[in-house]
Amino acid sequence: MLCRTANDLYWTARHIERAENLARLVDVAQRIELLPERTEAGRQDPAAWRRALDALGLVPAYTKRHGAVVASKVLHYLCLDAENPSSIYTSVRAARESARAQRGAITVEMYEDLNTSWFDMRKLGHEQFESDGLPRFIEWVKTRSASFRGVTVGTMGRDEGYQFMRLGVFMERADYCIRMLDIKYSEPLTGEAGDARKALGYYQWSALLYAMSAFETYRRLYRTAITPERVAELMILREDLPRSLAACTSAILAVLITLSGQPRSEVARQAGALAAETRYGRIEEILAEGMDVYLSRFMQRLFALAGEIDRHFLLAGDVSTPAVAA
Amino acid sequence: MTDRYDEMHDDSGKARSHYRAFDQWLTVTPPPRIEQKRREAEFLFHRVGITFAVYGEQDADERLIPFDIVPRIIPRAEWRVLEAGLRQRVLALNLFLNDIYHGQEILAAGRIPSDLILENSEYRPEMRDMDAPGGIHAHIAGIDIVRAGRGEYYVLEDNLRVPSGVSYMIENRRMMMRLFPELFANQSIAPVEDYPEMLLDVLRSVAPDSVEQPTVAVLTPGFHNSAYFEHAFLAQQMGVELVEGQDLFVRDDTVYMRTTRGPQRVHVIYRRINDDFLDPTVFRSDSTLGVPGLFSAYRAGRVTLANAPGTGIADDKAVYPYVPEMIRFYLDEAPILANVMTYQLRKAEDLRYTLDHLEELVVKEVHGAGGYGMLVGPAATKAELAEFRTRIIASPAKYIAQPTLSLSSCPTFVESGLAPRHVDFRPYVLSGRQIHIAPGGLTRVALREGSLVVNSSQGGGTKDTWVLEA
Numbered sequence: 036m037l038c039r040t041a042n043d044l045y046w047t048a049r050h051i052e053r054a055e056n057l058a059r060l061v062d063v064a065q066r067i068e069l070l071p072e073r074t075e076a077g078r079q080d081p082a083a084w085r086r087a088l089d090a091l092g093l094v095p096a097y098t099k100r101h102g103a104v105v106a107s108k109v110l111h112y113l114c115l116d117a118e119n120p121s122s123i124y125t126s127v128r129a130a131r132e133s134a135r136a137q138r139g140a141i142t143v144e145m146y147e148d149l150n151t152s153w154f155d156m157r158k159l160g161h162e163q164f165e166s167d168g169l170p171r172f173i174e175w176v177k178t179r180s181a182s183f184r185g186v187t188v189g190t191m192g193r194d195e196g197y198q199f200m201r202l203g204v205f206m207e208r209a210d211y212c213i214r215m216l217d218i219k220y221s222e223p224l225t226g227e228a229g230d231a232r233k234a235l236g237y238y239q240w241s242a243l244l245y246a247m248s249a250f251e252t253y254r255r256l257y258r259t260a261i262t263p264e265r266v267a268e269l270m271i272l273r274e275d276l277p278r279s280l281a282a283c284t285s286a287i288l289a290v291l292i293t294l295s296g297q298p299r300s301e302v303a304r305q306a307g308a309l310a311a312e313t314r315y316g317r318i319e320e321i322l323a324e325g326m327d328v329y330l331s332r333f334m335q336r337l338f339a340l341a342g343e344i345d346r347h348f349l350l351a352g353d354v355s356t357p358a359v360a361a
Numbered sequence: 003m004t005d006r007y008d009e010m011h012d013d014s015g016k017a018r019s020h021y022r023a024f025d026q027w028l029t030v031t032p033p034p035r036i037e038q039k040r041r042e043a044e045f046l047f048h049r050v051g052i053t054f055a056v057y058g059e060q061d062a063d064e065r066l067i068p069f070d071i072v073p074r075i076i077p078r079a080e081w082r083v084l085e086a087g088l089r090q091r092v093l094a095l096n097l098f099l100n101d102i103y104h105g106q107e108i109l110a111a112g113r114i115p116s117d118l119i120l121e122n123s124e125y126r127p128e129m130r131d132m133d134a135p136g137g138i139h140a141h142i143a144g145i146d147i148v149r150a151g152r153g154e155y156y157v158l159e160d161n162l163r164v165p166s167g168v169s170y171m172i173e174n175r176r177m178m179m180r181l182f183p184e185l186f187a188n189q190s191i192a193p194v195e196d197y198p199e200m201l202l203d204v205l206r207s208v209a210p211d212s213v214e215q216p217t218v219a220v221l222t223p224g225f226h227n228s229a230y231f232e233h234a235f236l237a238q239q240m241g242v243e244l245v246e247g248q249d250l251f252v253r254d255d256t257v258y259m260r261t262t263r264g265p266q267r268v269h270v271i272y273r274r275i276n277d278d279f280l281d282p283t284v285f286r287s288d289s290t291l292g293v294p295g296l297f298s299a300y301r302a303g304r305v306t307l308a309n310a311p312g313t314g315i316a317d318d319k320a321v322y323p324y325v326p327e328m329i330r331f332y333l334d335e336a337p338i339l340a341n342v343m344t345y346q347l348r349k350a351e352d353l354r355y356t357l358d359h360l361e362e363l364v365v366k367e368v369h370g371a372g373g374y375g376m377l378v379g380p381a382a383t384k385a386e387l388a389e390f391r392t393r394i395i396a397s398p399a400k401y402i403a404q405p406t407l408s409l410s411s412c413p414t415f416v417e418s419g420l421a422p423r424h425v426d427f428r429p430y431v432l433s434g435r436q437i438h439i440a441p442g443g444l445t446r447v448a449l450r451e452g453s454l455v456v457n458s459s460q461g462g463g464t465k466d467t468w469v470l471e472a
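Chains as they are written, first to last, in our numbering: chain A, 36 to 361; chain S, 3 to 472.
Hints are computed from structural coordinates only; laboratory data are not their basis. Glycine included, each C-beta is placed from N, C-alpha and C at the ideal position. There's no promise every hint is true.
[Unchecked claim] Pulled from the structure, derived: some chain A residues nowhere near chain S, Cβ distances all over 12 Å:
| no. | residue |
| --- | --- |
| 1 | ARG39 |
| 2 | GLU132 |
| 3 | PHE199 |
[What the hints assert, rightly or not] With the C-beta cut set under 10 Å, the calculated list includes, among others, these residues of chain S facing chain A:
| no. | residue |
| --- | --- |
| 4 | TYR125 |
| 5 | GLU128 |
| 6 | MET132 |
| 7 | ALA229 |
| 8 | ALA234 |
| 9 | VAL245 |
| 10 | THR261 |
| 11 | ARG263 |
[To be verified] Okay, the calculated beta carbon distance ranges per label pair:
| no. | chain 1 | residue 1 | chain 2 | residue 2 | range |
| --- | --- | --- | --- | --- | --- |
| 12 | A | GLU147 | S | ALA350 | 30 to 40 Å |
| 13 | A | GLY342 | S | ASP288 | 43 to 53 Å |
| 14 | A | PRO298 | S | GLN436 | 45 to 55 Å |
| 15 | A | ASP155 | S | ASP131 | 52 to 62 Å |
| 16 | A | LEU350 | S | GLU362 | 37 to 47 Å |
| 17 | A | ASP167 | S | GLY461 | 48 to 58 Å |
| 18 | A | TYR315 | S | GLY264 | 30 to 40 Å |
| 19 | S | GLU214 | A | GLU147 | 36 to 46 Å |
| 20 | A | GLU147 | S | LYS16 | 38 to 48 Å |
| 21 | A | ARG100 | S | GLY264 | 52 to 62 Å |
| 22 | S | GLU42 | A | ARG332 | 36 to 46 Å |
| 23 | S | SER123 | A | ASP167 | 36 to 46 Å |
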């Protein structure tokens, strides 16, 4: 398969997955911001939104354009802003553009599904966004992403292109899993103490579980109260959860072994190391190391893996030796 | 206009014999059903995404080309003549191309003025003494044919660079078979769907010597190009890669594709980008669409380009009047298909005549294409006539003029119902070790009443074209 085709398919999948994860991330921030304790106290606390921007690395870009962190502005910036390269709007557009360049490599249904998403997205004005409300928008994004996933699984031939799309999905999902944990873990100690703090924590952690569609899985697996340790364990180490780091890294490893045809290639080695870390890691060790240290180290290694994927498959240069003799 | 030839009806208004079965069907099929099928066709075409970006229109980059369900039908006897004429013409054009880039016998014999060829901007000196595989330069040709007067066929234009539209020939046929299977059950209509297979055969047959399993690729400028759909369609139907310039590189005069499994050699490139953009080291240096070193690899015989660079000299409108002469010179045969009478404005007397009769004539730029840079005298305003007159006087050699042909018409569904609209016809001729001609082609229809311009970029539509086998 052409490098460019593989690259476009990989990024089509990444961008749709990114739109969904952005929606989930906005969902977390919104849920945390709206927690009853805070509104009761009558405080307008944009801390959750600042952390959301921070987790996405968008604080400088946002500040430059909009100045102070204001909930409604951040929402618009993350959801609808055509200038923000990391908004839901631009992600849907980018997914459709990459697919448009590869119409021959995907099924008609897949392209039409992306077209539907893009045309609806383009039509959605600020006013309608306001009047429909955020939950409805988040549902829409998740439904569009689910639709594309479904039509991909249901119609696309199981060729190399399919593998690159899977790779894109899980690379992106792993990336956002870390960012979402980061939002919660980077929270500074709150002013509340004792039971109030505990209650607040409970709500915040359940907000994260809801946004990750992980609440039911958590209940089924742990059957006990929601604690930060268990939520972290579920999201990092449990393959039972389809959005966990463990599930993502194990899928990435399988795809890369299939694609490279060599379990000992550098790209498979790096993926294997990440998969091993989530498969055999223990939450106590992670917490002992410090969650933020662990997460940022994991993110760096995920970036390195993305670079290796580029090098190995997607950006072949002239310098490599021809594989086929003349 | 009484002298307009109606493809479907004779002078008494009765359906011609080759249209009888269709006419019958039209009579017995309830109009609401036809209307429903037309809507279905529109919906299906939209789904398939047959779209055509039109240069100069900002927001309409996915406009639909209208499709009309009334087919253009060609009886077997007429097709036989057309086929023989096309074969003869394309054979001569290829011999001409090979000749002018080698010994230039036709120029030496004085049958075509040397300066017309050698000083033409479409003549590529880079191609001198290049031995194209099999001597074939124009592997894919689209010959534009019109009918005028009492139904005589004329060649209006030869397209030998990167002729487009063949995907519509195939898609239109698929659409008709899907919508109206009963029409195909009752008659023997020659199939055209194997065109991609024939194309692949032809491309493989011109691969560099000694390659047993040549790798073919389709080279496109990318999805912003107006014919991108067709490029993707043909690549997919042939089962070969659709590549852009950036996907290829050249080392040691050998062309490779960048694939996820490393470089893979390419032997034949069906290129859908113009000569100018093929190789920035030889042609336009600002081109980012091409591949540096591609031309050198081609000259070294390590890759075949289809069509070869430099074919534009043979379909140049200034050279067009000499095609019958090529047929006589190279084949020693009388041309089977006639040219449209053409005034060459570089000749003083033709210029004088044209300026005196501008409002009756069609004037075309010799290097123009797609219906742009063209004056249709009878339809032009005084201001347009005056402007063209100035342009012609400033550089007469840049123009040719032809009588305004009364193109034949074919019934077409328009808002008011079935009405006659002008049509032309582009069959496709493939030249490799052998010549293949798909029995059919693209019929374009001018949807505006009275309009003679059928180009899709100017509001034209398409029809399925049936060649009857019995």
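Right, here's what the structure says about each hint:
no.	hint	result
1	ARG39	violated (5 Å)
2	GLU132	violated (9 Å)
3	PHE199	violated (8 Å)
4	TYR125	violated (32 Å)
5	GLU128	violated (24 Å)
6	MET132	violated (21 Å)
7	ALA229	violated (13 Å)
8	ALA234	holds (4 Å)
9	VAL245	holds (6 Å)
10	THR261	holds (6 Å)
11	ARG263	holds (7 Å)
12	A/GLU147 to S/ALA350: 30 to 40 Å	violated (59 Å)
13	A/GLY342 to S/ASP288: 43 to 53 Å	violated (32 Å)
14	A/PRO298 to S/GLN436: 45 to 55 Å	holds (49 Å)
15	A/ASP155 to S/ASP131: 52 to 62 Å	holds (59 Å)
16	A/LEU350 to S/GLU362: 37 to 47 Å	violated (60 Å)
17	A/ASP167 to S/GLY461: 48 to 58 Å	violated (40 Å)
18	A/TYR315 to S/GLY264: 30 to 40 Å	holds (34 Å)
19	S/GLU214 to A/GLU147: 36 to 46 Å	holds (40 Å)
20	A/GLU147 to S/LYS16: 38 to 48 Å	holds (45 Å)
21	A/ARG100 to S/GLY264: 52 to 62 Å	violated (43 Å)
22	S/GLU42 to A/ARG332: 36 to 46 Å	violated (58 Å)
23	S/SER123 to A/ASP167: 36 to 46 Å	violated (59 Å)
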